[in-house]
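Colleague: With the hints as extra help, turn the sequences into a complete structure.
The listed protein sequences correspond, in order, to chains C and G. Residue 16 in my numbering sits at position 16 of the first sequence, and the numbers go up by one each step. For my numbering, count along the second sequence from 1 and bump the result up by 321.
Treat the hints with care, since some could be wrong.
[What the hints assert, rightly or not] Here are some, though not all, of the chain G residues that point toward chain C, as calculated from beta-carbon distances under 8 Å: (1) D399; (2) H400; (3) P401; (4) I404; (5) G415; (6) G419; (7) L427; (8) V479; (9) M501.
[What the hints assert, rightly or not] In silico negatives: residues of chain G with every beta carbon more than 12 Å from chain C: (10) A376; (11) V431; (12) Q441; (13) L469; (14) G488.
Honestly, the hints are just simulated from the structure, not real lab data. Heads up, the beta-carbon is just placed ideally off N, CA and C, and yes, glycines get one too.
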Amino acid sequence: MKRTPVLLVVTVLLFASSLGSANPSGVGQGTFDAQCGGACHGDADMNRSSASTVVVEAPTTAYEGLPTSVSVTISDIETTVSGLLGVFLLSDMTGAGDTPADAGWDILSNSEGGDENYVEITVAPGETERTVTWTLRAPSTGDHPLHAAIHHGTESGEEAPFFGASVQPAVVEVVAVPENLPRLSPSFSPPVSRDVGEASTLRLDTVSVQSVEVEWRLVGGPINTVMVSSAGADAWTFDLPSSLQPATLEWRAHLGGEGPQQTTPWFTLQSEEPSWEVDETVAYVQSITLLFVFMVAFMSLHRKTATPDDEKYDAFEEVEY
Amino acid sequence: MVSAPTLHVVSTELTVGSFAMAGVAFVLAGLASHGWFNLKRHLKLADHVAHFALAFGLLAMPFAMVTGIQSSPGDGVDHPLLINKMFLGSAAIGLALGVLLTRRRLGEHVWSDDWGRRWQSLGGLSAVGLVLLTASIGGTFSRGESLLDLFKLPYDTVPLMPVWLSGIVLLVAIGNLLAMRRGRAV
Chain C
1 MKRTPVLLVV TVLLFASSLG SANPSGVGQG TFDAQCGGAC HGDADMNRSS ASTVVVEAPT
61 TAYEGLPTSV SVTISDIETT VSGLLGVFLL SDMTGAGDTP ADAGWDILSN SEGGDENYVE
121 ITVAPGETER TVTWTLRAPS TGDHPLHAAI HHGTESGEEA PFFGASVQPA VVEVVAVPEN
181 LPRLSPSFSP PVSRDVGEAS TLRLDTVSVQ SVEVEWRLVG GPINTVMVSS AGADAWTFDL
241 PSSLQPATLE WRAHLGGEGP QQTTPWFTLQ SEEPSWEVDE TVAYVQSITL LFVFMVAFMS
301 LHRKTATPDD EKYDAFEEVE Y
Chain G
322 MVSAPTLHVV STELTVGSFA MAGVAFVLAG LASHGWFNLK RHLKLADHVA HFALAFGLLA
382 MPFAMVTGIQ SSPGDGVDHP LLINKMFLGS AAIGLALGVL LTRRRLGEHV WSDDWGRRWQ
442 SLGGLSAVGL VLLTASIGGT FSRGESLLDL FKLPYDTVPL MPVWLSGIVL LVAIGNLLAM
502 RRGRAV
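Modeller: Here it is in structure tokens:
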């Protein structure tokens, strides 16, 4: 009868669907489309509407190729016991090809220490509102909408995954850069992370800038000013202090020149413990090797010692019950 | 829907509980097979309990591994503890499979030979020890502490072989396995 193998296959498939439907522990930061399979909830049909409110805020005007800041505020937060909440910044809500990069935006940093459109934040118990900020380089001129979306589970863990999105997009009108506007060079890309204990010397490439003043702060802390040195024409260097433990430092520059003074958005620099990486293929091959080596080595030990030929032998027959 | 961390706790308890029972039964079987402490009359019982508990632990282990991967943060194995957990788990599965296959191949003869009975009970106990060590790493990873921390084991050190060396060792092991099968057939 082939009934047993069929039942086994069906059982395995049923288990696979339930295990693969969501990643309650998240997938980490990344560049993901809304509701795509790579984010925490694989199947949009399984999602329910989130009761949280998502609002995306951005300046109404931005200069082409220059950084601007966009924030997403989530209120009435509900999530799992672990407090994990996934937040997307999106260029539309079609569910495919809708990352900011698909619309020409270039994410320079986000407030969670990365440069991706999807971040996972941990919400503390009792916390009902959180704001995540992205700093992006504006695309070509025109009107560009930005949406936000969230993914989360529930505290009881009994219901389907939840999806929420901003009701109104933030529409940013990107205009051409005036000729003499003091600004960052289009090639400037700020660092987003560094190791704990590592001091950072940053080089700032600018255009039409005659003076630079840089400020930094720890999240929620006072604003400090650092010395800026000229490093040639339209190039400047400054030092940001090292941190003794994982922390988020934000910095911005005031750019002075012939045109109106400009202030960059806050750039985020995350200090992290040195990361640990391994070639996963090597590790998996070694695991399989260990499995076979231990199994075969043990069986080889017995090969020399036992003689199963005598079928009449009964190791238990001497036992008296 | 029950979350992966909850399922992981359930499947881990099944696995560790089964292996712990197998460990006790292997100790008893080892003692009984030597006729120590007047335990010889319990050999059959200890033998059956040890191997069935080991087999059940092996069946529960894949569920523990799958739910563990589902409930771990991030993507992939990106921590020394997880790599060492994977290595120890693989070694435990290999050793447990070796113990069970040997029992199946030799039957009760496994307890009739002096060295055979020693290897069988020590092999079963070692498999149990490796699983308990694996579970201990899980505790260290998720809660930052474990009962076995008092031994100050170097969990943060990953003994990683080059892939070519792993490949050669794997081929040697498979060759040995085939040679054993051929030897039996002859």
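Colleague: Now tell me, hint by hint, if it's right for this structure.
Modeller: Going through the hints against the structure:
Nearest Cβ of chain C to the Cβ of G:D399: about 7 Å, under the 8 Å cut. The hint holds. Taking 8 Å as the C-beta contact cut-off toward chain C, the hint placing G:H400 at the interface holds, the least distance being around 6 Å. Annotation: G:P401 was flagged as interfacial toward chain C, and the flag holds, the nearest CB pair being 6 Å apart, inside 8 Å. The beta carbon of G:I404 comes within 5 Å of a beta carbon in chain C, closer than 8 Å, and the hint placing it at the interface holds.
Below 8 Å, beta-carbon pairs count as interface contacts, and G:G415 has one with chain C at about 3 Å; its hint therefore holds. Annotation: G:G419 was flagged as interfacial toward chain C, and the flag holds, the nearest CB pair being 3 Å apart, inside 8 Å. For G:L427, the interface hint holds, the least distance from its beta-carbon to any beta-carbon of chain C being 5 Å, beneath 8 Å. Given the 8 Å rule on beta carbons, the hint for G:V479 holds: about 7 Å separates it from the nearest Cβ of chain C.
The beta carbon of G:M501 comes within 6 Å of a beta carbon in chain C, closer than 8 Å, and the hint placing it at the interface holds. Once the 12 Å rule is applied to beta carbons, G:A376 is consistent with being away from chain C; the minimum gap is 14 Å. At the 12 Å boundary, the C-beta of G:V431 falls inside the reach of chain C, the nearest C-beta of that chain being 6 Å off. Look at G:Q441: its CB is around 8 Å from the nearest CB on chain C, not clear of 12 Å, so calling it non-interface is violated.
The claim that G:L469 lies off the interface holds: its Cβ sits roughly 20 Å from the closest Cβ of chain C, which is beyond the 12 Å cut-off. For G:G488, the non-interface assignment is contradicted: its Cβ lies about 7 Å from the closest Cβ of chain C, within the 12 Å cut-off.
Checked against the numbered hints above, the structure breaks hints 11, 12 and 14 and satisfies the rest.
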